[in-house]
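J.: Here the structure of chain A is known, so what remains is to put chain B in place on it, guided by the hints.
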Amino acid sequence: MAGIKGFWRKKGRPGVRNLVAVIFTVGCAQTVAERIASEFFEARPLGYLSCTRNADCEDTIVALGTHPNVGAALVVALGCEGTDYKRIIKDIKASGREAALLVIQETGGTSVSIKKGKQIVCRLIEKLKETPRCSIHAKDLVVGIECGGSDATSGLTANTSAGKAADIIISKGGTVIVEEFRELIGCEKILESKAVASIRPDIKKALHNAFEFSRMTSYFAVSPGNKKGGLTTIEEKSLGAACKLGKSTIAGFLDRNERPVKPGLYLLDTVYSADSDKICLCNGGDINGNTCLSESHCHIIIFTTGRGNIIGAALSPVIKVTGNPDTYERMMENMDINAGEILEGSIDINKMGEKIFQLLMEVAAGRLTKSETAGHFESIVMRQW
Amino acid sequence: MHANYIFSITGKKQVCIQALVLDNKDNVAVSITDLKKNSMVKVQFQDGCGTEIIVIENIPKYHKFALCDIPRNEQIIKYGYPIGRTIDSIKKGMHVHIHNTISEAEVRAYGRD
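Here the protein sequences come in this chain order: A and B.
Take the first sequence: its position 99, counting from 1, is numbered 99 in the numbering used here, and each next residue is one higher.
Take the second sequence: its position 68, counting from 1, is numbered 68 in the numbering used here, and each next residue is one higher.
This is chain A alone, in the form it adopts within the complex:
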């Protein structure tokens, strides 16, 4: 197979998009960053809200600023925040990417900063047109699979066919990452039987943390919408969510802000743990989930939904797969694939998995997803403080 033309990077994996990350380093700079980015399709605002300096958060921002789909970055700082924005610039530049800095307090206020920021982004986009192209195959791709707005169809159709797509990606030498440990509570035995022995203790610990977090927050991740859609307990939701893993062996375990080195199927733990060294709180829902998958450098995210989730991600194109035929009819603007056809009998799960894989490769080749055309680029780095 000839392969798809991707965007070559000096360091790390090639990208399937060539974006400018417009990074705010404190919530005070968010509006300016968003308004700078709003004029350009290729510019994506994302960032970190807290003022307190946190090295983990800076690492995370750097990971996003050096995402394979990012060609250049503009860092928008207020000027007095704790976050070390100069370090962020330096680390992004070390990846061979161009990175510019705009400090609002030095530039002189909102309007002038927005104007100057737009000029910088304009220049960066022009320069990105010179990015060398290179072949990309399925084996080069890192694909995240996430679910949100689940109902009882998720485990019947959408997650099951996403699992088939995962099997295809992995059979071609590619990489798949699944997170959402809170929605794997009740799947202990399944995960143990699917994982290589060396990571079983990590999985066990992550499930324990997920349980403790759910207990602490009095919320076992079954939302009112999930219940209305026929899901009764977290165990039932989890068993449906685990279908996303497909048949492959779970080859690796990632902590937040870690990236897979070898191909295969990975579990990513994004749940806050009181005894962890890493300060993180990433349980605000699917926007955080997608952001974490982007931090782990997922090129594309396959997002399954029953009731109809609409979000995207700043840096990773999101493919929406709904398992519910009624949702597809109602929300066609946001849904790329109707896996609900399986329930209508017109296609089986294997073929649906192939269809998702086919679309994935087209998206890698540049085809825009519905979340991209609808302008859904939500990404936010969330930490506890």
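The hints are simulated quantities; they were obtained by calculation from the structure and are not laboratory data.
There may be inaccurate statements among the hints.
Said to hold, decoys possible - Distance condition first, Cα-Cα at most 30 Å in a straight line; then the derived DSS-like pairs of lysine-lysine:
hint	chain 1	residue 1	chain 2	residue 2
1	B	LYS25	A	LYS118
2	A	LYS189	B	LYS37
3	A	LYS351	B	LYS25
4	A	LYS228	B	LYS37
5	B	LYS61	A	LYS228
6	B	LYS25	A	LYS205
7	A	LYS115	A	LYS139
8	B	LYS36	A	LYS227
9	A	LYS351	A	LYS127
10	A	LYS228	B	LYS92
11	A	LYS139	A	LYS86
12	A	LYS247	B	LYS61
13	B	LYS36	A	LYS86
14	B	LYS61	A	LYS355
15	A	LYS228	B	LYS91
16	B	LYS61	A	LYS351
17	A	LYS227	B	LYS25
18	A	LYS139	A	LYS129
19	B	LYS61	B	LYS42
20	A	LYS351	A	LYS228
21	B	LYS25	B	LYS37
22	B	LYS37	B	LYS91
23	B	LYS36	A	LYS228
24	A	LYS227	B	LYS42
25	B	LYS61	A	LYS370
26	A	LYS228	B	LYS25
27	A	LYS204	B	LYS91
28	A	LYS11	A	LYS189
29	A	LYS189	B	LYS25
30	B	LYS91	A	LYS227
T.: Same frame as chain A, now just chain B:
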């Protein structure tokens, strides 16, 4: 492995199917259409075999109903794995949901109440 099951239903054969059983160990079926109280429902198992069951309550689309009588404090099995425990006895054909089933993880976290 539950994640590996494949619908044996294809094409026209499925048109009349109203509910699915996802594993042979399951004691519940999932409706794939709204089911009316006291109606005879065509249920399909993973091996392609079918059976008929009368549902004794209205069952909303994609919700579960019992395939057999299930006593109080028994496990509800779906995908071949326990998804919770009954807090009431459930008759064959009854709606199985949050009013009569509780998560064992939540019981472990908070106790029975």
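J.: Next, verify each hint and record whether it holds.
T.: The hints, checked one at a time:
1. The straight-line distance between the Cα atoms of B/LYS25 and A/LYS118 is roughly 61 Å, outside the 30 Å bound, and the hint therefore fails.
2. Restraint check: the Cα-Cα separation between A/LYS189 and B/LYS37 comes to about 37 Å, which exceeds 30 Å; the hinted pair is violated.
3. Taking the CA atoms of A/LYS351 and B/LYS25, the gap is about 27 Å. The hint holds against a cut of 30 Å.
4. For the given pair, A/LYS228 sits about 19 Å from B/LYS37 by alpha-carbon distance, which is consistent with the 30 Å threshold.
5. Our distance criterion of 30 Å between C-alpha atoms is met by B/LYS61 and A/LYS228, whose separation comes to about 10 Å.
6. Among the hinted pairs, B/LYS25 with A/LYS205 is consistent with the structure: their alpha-carbon atoms are about 29 Å apart, no more than 30 Å.
7. For the given pair, A/LYS115 sits about 41 Å from A/LYS139 by alpha-carbon distance, which is inconsistent with the 30 Å threshold.
8. With a CA separation close to 20 Å, the supplied pair B/LYS36 and A/LYS227 stays within the 30 Å bound.
9. This hinted pair does not check out: A/LYS351 and A/LYS127 have alpha carbons roughly 41 Å apart, beyond 30 Å.
10. A distance of roughly 22 Å separates the Cα atoms of A/LYS228 and B/LYS92; the hinted pair therefore holds under the 30 Å criterion.
11. In summary, the hint linking A/LYS139 to A/LYS86 is not supported, as the alpha carbons are separated by about 35 Å, beyond the 30 Å threshold.
12. As the CA atoms of A/LYS247 and B/LYS61 are separated by approximately 28 Å, the hinted pair is consistent with the 30 Å bound.
13. For the hint pairing B/LYS36 with A/LYS86, the CA-to-CA distance comes to about 65 Å; that exceeds 30 Å, so the pair is violated.
14. At most 30 Å may separate the alpha-carbon atoms for a hinted pair to count; B/LYS61 and A/LYS355 meet this at roughly 26 Å.
15. Between A/LYS228 and B/LYS91, the direct Cα distance comes to roughly 22 Å. Compliance with the 30 Å bound is thereby established for this hinted pair.
16. In summary, the hint linking B/LYS61 to A/LYS351 is supported, as the alpha carbons are separated by about 24 Å, within the 30 Å threshold.
17. Pair hint A/LYS227 plus B/LYS25 holds up; C-alpha atoms about 23 Å apart against a cutoff of 30 Å.
18. The straight-line distance between the Cα atoms of A/LYS139 and A/LYS129 is roughly 25 Å, inside the 30 Å bound, and the hint therefore holds.
19. Taking the CA atoms of B/LYS61 and B/LYS42, the gap is about 14 Å. The hint holds against a cut of 30 Å.
20. Proposed proximity of A/LYS351 and A/LYS228 is supported: the alpha carbons are some 29 Å apart, at most 30 Å.
21. Proposed proximity of B/LYS25 and B/LYS37 is supported: the alpha carbons are some 25 Å apart, at most 30 Å.
22. Annotation: proposed proximity of B/LYS37 to B/LYS91 holds, straight-line Cα distance about 13 Å (limit 30 Å).
23. For the hint linking B/LYS36 to A/LYS228, the alpha-carbon distance of about 17 Å falls within 30 Å, and the restraint holds.
24. Restraint check for A/LYS227 and B/LYS42: satisfied, since their Cα atoms lie roughly 24 Å apart, inside the 30 Å limit.
25. A threshold of 30 Å between alpha carbons decides the hint, and for B/LYS61 with A/LYS370 the separation of about 27 Å falls inside it, so the pair holds.
26. A C-alpha spacing of about 25 Å is found between A/LYS228 and B/LYS25, which places the hinted pair at or below 30 Å, so the restraint holds.
27. Between the alpha carbons of A/LYS204 and B/LYS91 the distance comes to roughly 36 Å, so the proposed pair goes past 30 Å and is violated.
28. The hinted pair formed by A/LYS11 and A/LYS189 fails the criterion: a straight-line CA distance of about 39 Å is larger than 30 Å.
29. For a cut-off of 30 Å, the pair hint linking A/LYS189 to B/LYS25 stands: about 16 Å separates their Cα positions.
30. At most 30 Å may separate the alpha-carbon atoms for a hinted pair to count; B/LYS91 and A/LYS227 meet this at roughly 21 Å.
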